[in-house]
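First to last, the sequence lines map onto chains A and B. Taking our numbering, the leading residue of the first sequence gets 1, the next gets one more, and so forth. Taking our numbering, the leading residue of the second sequence gets 1, the next gets one more, and so forth.
Everything labelled a hint here was simulated from the structure, so no lab data went into it. Glycine included, every Cβ here is placed at the ideal spot set by N, Cα and C. Among the clues, some could well be false.
[To be verified] So, partial list: chain B residues that the calculated Cβ filter (under 8 Å) puts toward chain A:
| no. | residue |
| --- | --- |
| 1 | L26 |
| 2 | F28 |
| 3 | F34 |
| 4 | F39 |
| 5 | P40 |
| 6 | S89 |
| 7 | T106 |
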Amino acid sequence: GIQVEQSPPDLILQEGANSTLRCNFSDSVNNLQWFHQNPWGQLINLFYIPSGTKQNGRLSATTVATERYSLLYISSSQTTDSGVYFCAVGLMNYGGSQGNLIFGKGTKLSVKP
Amino acid sequence: GAVVSQHPSRVICKSGTSVKIECRSLDFQATTMFWYRQFPKQSLMLMATSNEGSKATYEQGVEKDKFLINHASLTLSTLTVTSAHPEDSSFYICSATVLTGPSGNTIYFGEGSWLTVV
């Protein structure tokens, strides 16, 4: 099946620092999303980005579909950014309907004050 | 905006009993919902696709007789863990998709339900 690999698995930042999280996927997809899971388990949808670049405040994401990777940029990190960031993809070649996702293992981000 | 709500958020049950988890779309209709399972410090794994008015589609390795899914209306899907055992203890989370036009779709997740089987 499709493989989704995220790096790094763990990341510790000082408040104010910038970071880049990476997501590699092994097959063509028609859906790629970035999520933030807070310590209580809530998943927050950050970006729907099967291709191209999007920005939302201090966060931005870029997906290069032809090279099968996506990047999530976090600038001027804050302690509230702490949590686990997941990349998830939808399967184009397997007839998957919009909505069922394959998740990577996540990047655990800790932002220290 | 669209909201998906799960209930209960936490449940403790005795081994051998059954427990039901509800997933509701609060301000939109969802013909399809998805159920995921997440073990501590691990990723989410898709368990099944819940289809309104028809049988759920289960992922390989998921016991359909143990994890009963019912999607009786366009706003409610339920997951029932039958004859629960301690190894079923996990975080269960549902999602639903809202089509947002040519730009794609938005997937909303419920708050999740922590199940502990003692």
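Should the hint that L26 of chain B touches chain A count as held when the rule is a Cβ pair under 8 Å? 15 Å, violated
Taking the least C-beta to C-beta distance, is F28 of chain B closer than 8 Å to chain A? Violated - the Cβ of F28 of chain B stays beyond 8 Å from chain A, reaching only about 13 Å at its closest.
Hey, does the F34 of chain B contact hint survive, CB to chain A under 8 Å? At 5 Å from the nearest chain A Cβ, F34 of chain B passes the 8 Å test, so the hint holds.
Minimum Cβ distance from T106 of chain B to chain A below 8 Å? 6 Å, holds
Close enough to count: is the Cβ of S89 of chain B nearer than 8 Å to one in chain A? 14 Å, violated
Is the interface hint satisfied for P40 of chain B? The criterion is a beta-carbon contact with chain A at less than 8 Å. 10 Å, violated
When the least beta-carbon distance from F39 of chain B to chain A is tested against 8 Å, hint result: Result: violated, 12 Å to nearest chain A Cβ.
Comparing the model with each earlier hint shows violations of hints 1, 2, 4, 5 and 6; every other hint is respected.
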